Structures are given as structure tokens and as C-alpha cells.
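J.: Single-letter residue listing:
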Amino acid sequence: MRDSDATAHATADERARRIETQLSRAGLGLVPRMGRRVSDRLFDRLLHLLTIRHPRAFTAFRAMPDACLLIEPVDTPMAFLLRVGPNLSLRALRRGAAAPGDVGGVTADAVVRGPYAQLLDLLEGRIDGDALFFRRELTIVGDTALILALRNTLDGEEMDLLADAMSFAGPLAHALPVLRRNAGSILDRLDAARRLLPSPLRRGLARVEARLSGLAPAPEA
Amino acid sequence: MTPSLTLGPVLFNWPVDRWRDFYARIADEAPVDTVILGEIVCFKRAPFFATAMDAVVDRLTAAGKTVWLASPILVGSERELAAMRDLTAADGDDAVPTGATLIEANDMGALARLAGRPHAVGPMINLYNEATLAWLAGRGAVSVSLPAELPAASVATLAKAGCDLGVAVEVQVWGRAPLAISARCYHARAHGLHKDGCQYVCGNDPDGLPVATMDGQPFLTVNGTQTLSHGCLCLAAELEALAAMGVGRFRLSPHAVDMVRVAEAFRAVLDGRREGRAVAAELDGLIDAPLVNGFFHDTAGARHVGGAARFQSGKEKPLSQKDKGSMS
Amino acid sequence: MDGFELICPAGTPAALRAAVDAGADAVYLGFRDETNARNFPGLNFTREDVAEAVAYAHARKVEVFVAINTYPQAGGLGPWRRAVDDAARLKVDAVILADLGLLDYAAGRHPDLRLHLSVQASAANADAIQLYREAFGVRRVVLPRVLTVPEIARLNAQVDVETEVFVFGGLCPMAEGRCSLSSYATGLSPNKQGVCSPASHVRYEPRGAALASTLGDFTINVFGADEPAGYPTLCKGRFVARDTPAYLFEEPTSLNAMDLLPDLKAAGVRALKIEGRQRGKAYIGAVVRAYREALDAFAAGRPVPRSADLQAMVEGGAQTTGAYKRAWR
Numbered sequence: 001m002r003d004s005d006a007t008a009h010a011t012a013d014e015r016a017r018r019i020e021t022q023l024s025r026a027g028l029g030l031v032p033r034m035g036r037r038v039s040d041r042l043f044d045r046l047l048h049l050l051t052i053r054h055p056r057a058f059t060a061f062r063a064m065p066d067a068c069l070l071i072e073p074v075d076t077p078m079a080f081l082l083r084v085g086p087n088l089s090l091r092a093l094r095r096g097a098a099a100p101g102d103v104g105g106v107t108a109d110a111v112v113r114g115p116y117a118q119l120l121d122l123l124e125g126r127i128d129g130d131a132l133f134f135r136r137e138l139t140i141v142g143d144t145a146l147i148l149a150l151r152n153t154l155d156g157e158e159m160d161l162l163a164d165a166m167s168f169a170g171p172l173a174h175a176l177p178v179l180r181r182n183a184g185s186i187l188d189r190l191d192a193a194r195r196l197l198p199s200p201l202r203r204g205l206a207r208v209e210a211r212l213s214g215l216a217p218a219p220e221a
Numbered sequence: 001m002t003p004s005l006t007l008g009p010v011l012f013n014w015p016v017d018r019w020r021d022f023y024a025r026i027a028d029e030a031p032v033d034t035v036i037l038g039e040i041v042c043f044k045r046a047p048f049f050a051t052a053m054d055a056v057v058d059r060l061t062a063a064g065k066t067v068w069l070a071s072p073i074l075v076g077s078e079r080e081l082a083a084m085r086d087l088t089a090a091d092g093d094d095a096v097p098t099g100a101t102l103i104e105a106n107d108m109g110a111l112a113r114l115a116g117r118p119h120a121v122g123p124m125i126n127l128y129n130e131a132t133l134a135w136l137a138g139r140g141a142v143s144v145s146l147p148a149e150l151p152a153a154s155v156a157t158l159a160k161a162g163c164d165l166g167v168a169v170e171v172q173v174w175g176r177a178p179l180a181i182s183a184r185c186y187h188a189r190a191h192g193l194h195k196d197g198c199q200y201v202c203g204n205d206p207d208g209l210p211v212a213t214m215d216g217q218p219f220l221t222v223n224g225t226q227t228l229s230h231g232c233l234c235l236a237a238e239l240e241a242l243a244a245m246g247v248g249r250f251r252l253s254p255h256a257v258d259m260v261r262v263a264e265a266f267r268a269v270l271d272g273r274r275e276g277r278a279v280a281a282e283l284d285g286l287i288d289a290p291l292v293n294g295f296f297h298d299t300a301g302a303r304h305v306g307g308a309a310r311f312q313s314g315k316e317k318p319l320s321q322k323d324k325g326s327m328s
Numbered sequence: 001m002d003g004f005e006l007i008c009p010a011g012t013p014a015a016l017r018a019a020v021d022a023g024a025d026a027v028y029l030g031f032r033d034e035t036n037a038r039n040f041p042g043l044n045f046t047r048e049d050v051a052e053a054v055a056y057a058h059a060r061k062v063e064v065f066v067a068i069n070t071y072p073q074a075g076g077l078g079p080w081r082r083a084v085d086d087a088a089r090l091k092v093d094a095v096i097l098a099d100l101g102l103l104d105y106a107a108g109r110h111p112d113l114r115l116h117l118s119v120q121a122s123a124a125n126a127d128a129i130q131l132y133r134e135a136f137g138v139r140r141v142v143l144p145r146v147l148t149v150p151e152i153a154r155l156n157a158q159v160d161v162e163t164e165v166f167v168f169g170g171l172c173p174m175a176e177g178r179c180s181l182s183s184y185a186t187g188l189s190p191n192k193q194g195v196c197s198p199a200s201h202v203r204y205e206p207r208g209a210a211l212a213s214t215l216g217d218f219t220i221n222v223f224g225a226d227e228p229a230g231y232p233t234l235c236k237g238r239f240v241a242r243d244t245p246a247y248l249f250e251e252p253t254s255l256n257a258m259d260l261l262p263d264l265k266a267a268g269v270r271a272l273k274i275e276g277r278q279r280g281k282a283y284i285g286a287v288v289r290a291y292r293e294a295l296d297a298f299a300a301g302r303p304v305p306r307s308a309d310l311q312a313m314v315e316g317g318a319q320t321t322g323a324y325k326r327a328w329r
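One line per chain: the protein sequences are A, B and C, in this order.
When the letters of the first sequence are read in order and numbered with full-length UniProt numbering, they come out as residues 1 to 221.
When the letters of the second sequence are read in order and numbered with full-length UniProt numbering, they come out as residues 1 to 328.
When the letters of the third sequence are read in order and numbered with full-length UniProt numbering, they come out as residues 1 to 329.
Honestly, the hints are just simulated from the structure, not real lab data.
Possibly wrong hints are sitting among the right ones.
Derived coverage of chain C by chain B (criterion: at least 3 residues anywhere in the stretch with Cβ under 8 Å from a Cβ of chain B; other residues may be distant) [to be verified]:
hint: 1; segment: 56-65
hint: 2; segment: 93-106
hint: 3; segment: 142-152
Label pairs and their in silico Cβ distance ranges [to be verified]:
hint: 4; chain 1: A; residue 1: L49; chain 2: C; residue 2: A297; range: 52 to 62 Å
hint: 5; chain 1: C; residue 1: R207; chain 2: A; residue 2: R135; range: 46 to 56 Å
hint: 6; chain 1: A; residue 1: D66; chain 2: C; residue 2: A51; range: 38 to 48 Å
hint: 7; chain 1: A; residue 1: R62; chain 2: B; residue 2: G197; range: 38 to 48 Å
hint: 8; chain 1: C; residue 1: D160; chain 2: B; residue 2: D21; range: 42 to 52 Å
Output of the computed footprint for chain A on chain C, the stretches with three or more beta carbons under 8 Å from beta carbons of chain A [what the hints assert, rightly or not]:
hint: 9; segment: 36-46
hint: 10; segment: 75-84
hint: 11; segment: 322-329
Fair warning: this is a prediction, and the values are worked out from it, not measured in the lab.
The C-beta atom is built at its ideal place from N, Cα and C for all residues, glycine as well.
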């Protein structure tokens, strides 16, 4: 009895996670439209907030020698450049432009590449990075020690990156807990709706999702 | 103290006749002071050499050499333990030929057995600092041979501590560096065999089985359960510095080459008759491997620092400070 | 007779909490420097972290062991001695040491501090173990991964010290603490700096669809397009001997001795140890939980559950019983 409860619970959690991941990935699709200055300010605020919530990790990042890590979720249009050391900073940039070696005038010492969902899980310590790497779902280029130091430091935190990120995003802050509670039924309804749709519409829905998450080019406005 | 040359035990599985002849020539021609005997790598090989041991000890002592016996590196099984106990027995057991003056311990069990009696500590005992050296001296160690991976700064500190404690300090100056020991036999494994049915395939490789990277770069040497470097450790050019630190004993590790020539070359440097650097250049290529001295210079053991000798790899740039430092 | 004690790794405070919460009997950890054998970037505990770890663990009746298991540097014993002093001051339940000089120091300076012998000391026979027992009062020995189960049983019959063995995680095919392979390729060694095949010397290099991993000046492996990859730990690399590229020393597998619980119990083993202070808290939580369930089932005489879900966690996706079975040799 207890076991099956636990299973049902886990499944609801997993579903909530899937929605969160999809939504946040879609949100990232909006970042390029914000303009550089708005986006930079947004990530400055996020970094500031993370520093307050996770002083151990972010103090450690500041204590590291100056270095840049490029984080590339391969299924989003965006990449992130994390600079550690005394000038700690976090920036979003268009992924295509981000070749290792030279990123917006900054040299990336290391690059981690992988699917967005896995990278997010990794940042929050939900999955084991080594296992992902063994399965070749993650690619690592450059300074392996830098990547390991970041991974180990982040893994030492209990981090809920999405909750942290959304907590300064006004109304969205209230949306997340509601979403997490109701994820199971929302997904059920979505799935049911999808099954009922005629196939041309289903394909249309897929296109909308793709556009939302930034995988397909947005129609010219 | 007069610097002295030691010939370490033969690590490879040579046919017993070759082994006996090798030591006969050492007795007659090699200017070494101490010869250490014993099969220290694999218990399965030991019976072959046991048959010739007494004769070899006699031959060497008759030639004026000091003879020590070395204990095995890895003692795990009951039979290995029994053999080690026989070797280290206090009452002059049959296992110890008369004429052999000291036992060199290469595992902690042997060290336990030898406590309270004069003994030597071999390079397979983890001796990294002066506190450990003092503890060993307190239990009867009269001579210690340092692990190959120790850098110059550690050697200097230990040599000084050895002088203060009255313990002779030895450093390996020639031959492939021992890097690891295992319960698994890699020689057998490379032949698709199990250790228990190994067919003594290690006997095919008198200087060990070459191991290369997948790019074809020579890297390591397998000797049964032991792994050695591919590069030949050579500290001929560093002999003067070692002596100045207070190191009094210099170990040559035998290979299937003209070891009399190697011993003569090192003796000439110790006697001040030849330049260490010139000797290193002469010995380069004697075995089919580059000379390496990286451990002593606090960098990768596979590297060669300074001098005219060849580098092991194509990438000849020295490690940068960033590469060298430990991570923090 | 008591059940096995389950000894679990922690590289970070979060991993420690994960291990405690998942059912560890004791957690072992290291200070954030070269005094421990997992001196990896971003890993390990400050003095304050250890104080908090001890408070968290002790409140839940879990013990904390501190590994100070590298070999102090000649002329620089300070950091190692301070580590022992601080561990004693922070009221940890045991320190895990390897160096003779440091054991001598700890036994003399802190007679009430419980001493365990690290696997890095590689005490593989009864005489060696008795030496550590008689000279320093060592209470427990972590056995090197070179012994078969029958050898462990014979050994336990001859010594009056508790023994602890590794049951899960990375497997050294070499006798631990007696290996300079990493040092030969990089200049940094487990014994001196507490690192094996250090990340600072590791590079991954795409070669078409293949992926090469290098350590220092040496290529340790080349993975085909569909092959699972591995960290280039030197002894788990692929090398060429007799013209054949192969995993000469050890395949990229993970030790899992869960099937051997009855044998290890009969052999008189007191504690079971999980390797992996360098692994993430997700891994540690999952492995500790699986072993807790298995040990509880075993203690109650129930069948030990299968640990299929651990398969995904391990290197190469493959598991072995390692040296515990003679066939490994």
C-alpha cells in the first residue's frame, strides 16, 4: 500500500518536473527578444539572489581563479556563460554564436553540452553527472578541472533553481507551487486533449510547442 | 661515508640458468657493493630460483659482495604468508642461506616480523616523511630505500633525517621504475589466461611486456602482477646532488642488458672519474626506452628534465606552473 | 551477532545529509586539502562543515569518520597533524589513517581517538594488520581490494581487529596506496596529493565521431561513437599490449558485492564500505538506500532485493565482484 502511494507520488513529481522543464525552456526562448541590457540585468538579479540563497557555493565560485564556463543546452536557442572568480557573472547568449574559445569577446575555458532537462537536473543535483557522462548524454570540452569544481560545488547545495529563478519574477512566483501541485492533472488533461485532436491539429500543436521552446524559428512578426 | 652501489633484485622471470649466470658475472665483474636477491613479484616463480639460491649467495659472498634477501611485495594468500614468515624468521631458518646478512622488507607483514632486529626497508614500503623514517629506525631499520615517486625536496629531507638517525638512505638511480602491484596478473590477462593457469608467459619477456597507448605511444611495462614504467629511470646526472643531500646508497635495478657496464658507469661517476651527464648520454638507448627522471624533478615520472637525453613523448614542453600545482 | 555496519561516502555537506537520510551507519569524509585521498576540486569539508556534519549525523545516531589517508610530505607534516588534531577536537568518531608516522603521532597525542587503518595502507595479511594493532591500537582495518573472500575469512580468524571491506563503487585493480601510475603520467599521485588521474590533467578530445580521453601526455582511451564513455582513470584505460587494444588492467566496471553478503558475513567482516566521495548526492542517496534495504533484508533473513536500478549509475554500466572471487585474478 505504502509502496504504491510512493510510486504515484513520484510520478506526480516527475510530471511536475517535466512541465517545469518545458515551461522554463520555453521561457528561455523569450530571452533573445528582451534585448541585451534587459537580459543582462535579469541574469545579474538571478545571480545576486542565488548568492544570497547559496552563500557556500557562490563564495567558493568567487574564490576560484578567473575562468569561464559555457553551458550549452543543445535543445534551446540560448547558451549561458558563467564566469567564476572575483568577477563572478552569468550571461545568456545566442547558442549559435557561442563557439568554444571566443564567446562575445570572452574566452570560454570549458564547455558543457547536453539536453536542457539533463543540464537543469544536473545543476540541481537531481541526477548523477558521472552517469550522464558515461552514457554520452553530456559532452565536456576544455578544462575538466573547472567543470568538476563547478559540478562538485553545486552538488554540495540543495538547490531548486527554478523556484529561485521564479521567486523574483512577480506573479510567476505564485504560479510555481500551484503548478507543482497540479502538474499531474494538467498533464493528464493535456495528454487526453492531444489524443482527442485530429492528427493535423496534433501536428499543429507540436509546432506551437516547438516554437515556444525556441526549437523552430518564430514567424516573422 | 663512501657512496655505495646496490644491485636490486631481478624483477623479471628469467630462466634459472640465465639468472645464475647473471649473478656469476655480477660477482666477478660488477663494481657493486650490495646485491639483493629474491623473487619479490610473484610467488609462483619463487620455486625456480630457490634451487639456485644457495649457490648464488655463495658465489656473491665469495666475491666480497654483501648479500641481502628481499621479501615479496604483496603477501595475501596463506602460502605467501608462510613463505614470508620463513624468510623473516628470527632463528635462521633454512629459507635464509648463510651468508645473507640482512632482510629487506617490502611489505608491512615482513616489517612486523623483523621488528627489534637490524633490517632494511625496501622501496615498496610507503616511506614519505621523516616521522615515518624515525618510527622505522626505532624498530631496527638500518637502511631504507626510498619509493621511486619521491621528489628531490623529500629525498633531501629524508637523507638529512637518515644521517641524524644513523640510517642509510638509498635511491634508485637506474632501471624501470616500479609503479604498481596487483593480485591480478596482467601478463596472463594479456595472453587471455588466468593467473592460476598462467603458463608462466611472463618468461617470454625478460624486460617485461611493452604497453602502449591506443595512439601507439610507449607507456608502461607489465611484469606479471607488477606494472613498471616504460621509461628507464636514470639519475646519473643527479648523482652529485643526491650525494650532497646525504644519500649514501644508489640502487640499480637489473634489466636484460649489460649490467656490468651500467654498474661501471655509475661507479665512475661516484668516484669522480666521469661526468654524470655524460654517463646518462652513454646509457641512453641501452634498453629500448627513453631515460626519465621526472619523479625526482617533481613532475610527471614519464618526463625527462634537463640534459641532452631524449624525451619520451612528442610533447616536449615542460609542465606549466598551473599544470603542476595541485588543485584547490 | 550484530548486522553489518554500512559506511558511506560524502564529498559535500549535501551528500552527507543524503547519506545519513538514506540509512548510513557512518559517513566518511575528508578535509578540503591534500590530507585526504579524494582531493578533488570543489569537494570536501572545511572545519566548520565538519562541525555541522558531526552535529547533523550525531543527532541521527550516525557516526562520522574523517579520512586523513594520504602520506604527509617530508618537511611539511603540519597540515596532516593539524587535520588529526582538528578531527579530535571536532569529536569525530574515528580517523582513517595510512601513514606510519601519522599513526604514531595520533596514537601518542590523542590516545582516546579511535584509529582506523585506511585501505591506502594496503594491509593485506595478518602480520601487517597485527603490527598496526599492536603499535598504534588501530581498531579497524579497511582491507585492500586484492583479497578473495576465503582469504578474508582466514585473515579474520588470525587478527583481533574489526575489518571493513568495499562493497560498491570504483574498483582499484592495483593494491591501493602502492600505486604510482597517476604520478608517472601527471606528477600528482594518490599518496602525495590525494588525487588519482587528476582532472587538471584530463582532456576530452573529439576525433570525428569518436571521443579520446587523455591524461597528461598520454591517451588513456578512445571511445567509438556508440560506446559508453569513461573518466580517464589510468588503470581503467584501454592500452595496446601484444598488438591488441584492450582494457589491460580493468574494464570500466563498478564493484558490487551485494550478492556476497552471506559470504562476507561468514568471513567475519564487520563493516561494508561504499566508495565514491567524488560522486554526486543523487548517486550517494540511491546507492546508500539500495544497500540499506539489502542489509535490512539480509539481517531479517529475507531475500536480498535486486539492485537493478544501480546499474545505470555505474561506470560502463557493468558490475563486478572484483577480487572477492578468484576468477578475477
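J.: For the segment 56-65 of chain C, do at least 3 residues have a Cβ located nearer than 8 Å to some Cβ of chain B?
T.: Coverage by chain B is violated for the segment 56-65 of chain C (0 residues, Cβ < 8 Å).
J.: With a C-beta cutoff of 8 Å, work out whether three or more residues of the segment 93-106 of chain C approach chain B closely enough for the coverage to hold.
T.: holds (count 7)
J.: Given a hinted range of 42 to 52 Å, is it respected by the beta-carbon distance of D160/C and D21/B?
T.: Holds, since D160/C and D21/B (Cβ atoms, about 48 Å apart) stay within the stated range.
J.: Note whether the CB distance of L49/A and A297/C lies within 52 to 62 Å or breaks it.
T.: The hint (52 to 62 Å, Cβ to Cβ) is violated, given that L49/A and A297/C are roughly 44 Å apart.
J.: Quick check on a hinted range of 46 to 56 Å for R207/C and R135/A, using CB atoms only.
T.: violated, 19 Å
J.: When I compare C-beta atoms, does the segment 36-46 of chain C have three or more residues closer than 8 Å to chain A?
T.: Satisfied; 4 residues make the cut.
J.: Taking a Cβ-to-Cβ distance below 8 Å as contact, does the segment 142-152 of chain C have at least three residues touching chain B?
T.: Our answer is that it holds, as 3 residues pass the Cβ test (under 8 Å) against chain B, meeting three.
J.: Do at least three Cβ atoms from the segment 322-329 of chain C come closer than 8 Å to Cβ atoms of chain A?
T.: violated (count 0)
J.: R62/A and G197/B, beta-carbon distance inside 38 to 48 Å?
T.: Violated - the Cβ-Cβ distance for R62/A and G197/B, about 59 Å, lies outside 38 to 48 Å.
J.: Can you tell me whether the CB distance of D66/A to A51/C sits inside 38 to 48 Å?
T.: For D66/A and A51/C the Cβ distance comes to about 31 Å; the hint is violated.
J.: Three or more residues of the segment 75-84 of chain C near chain A by CB distance under 8 Å?
T.: Contact hint for the segment 75-84 of chain C vs chain A: violated, 0 residues under 8 Å.
When the structure is compared with the earlier hints, violations turn up for hints 1, 4, 5, 6, 7, 10, 11 and for no others.
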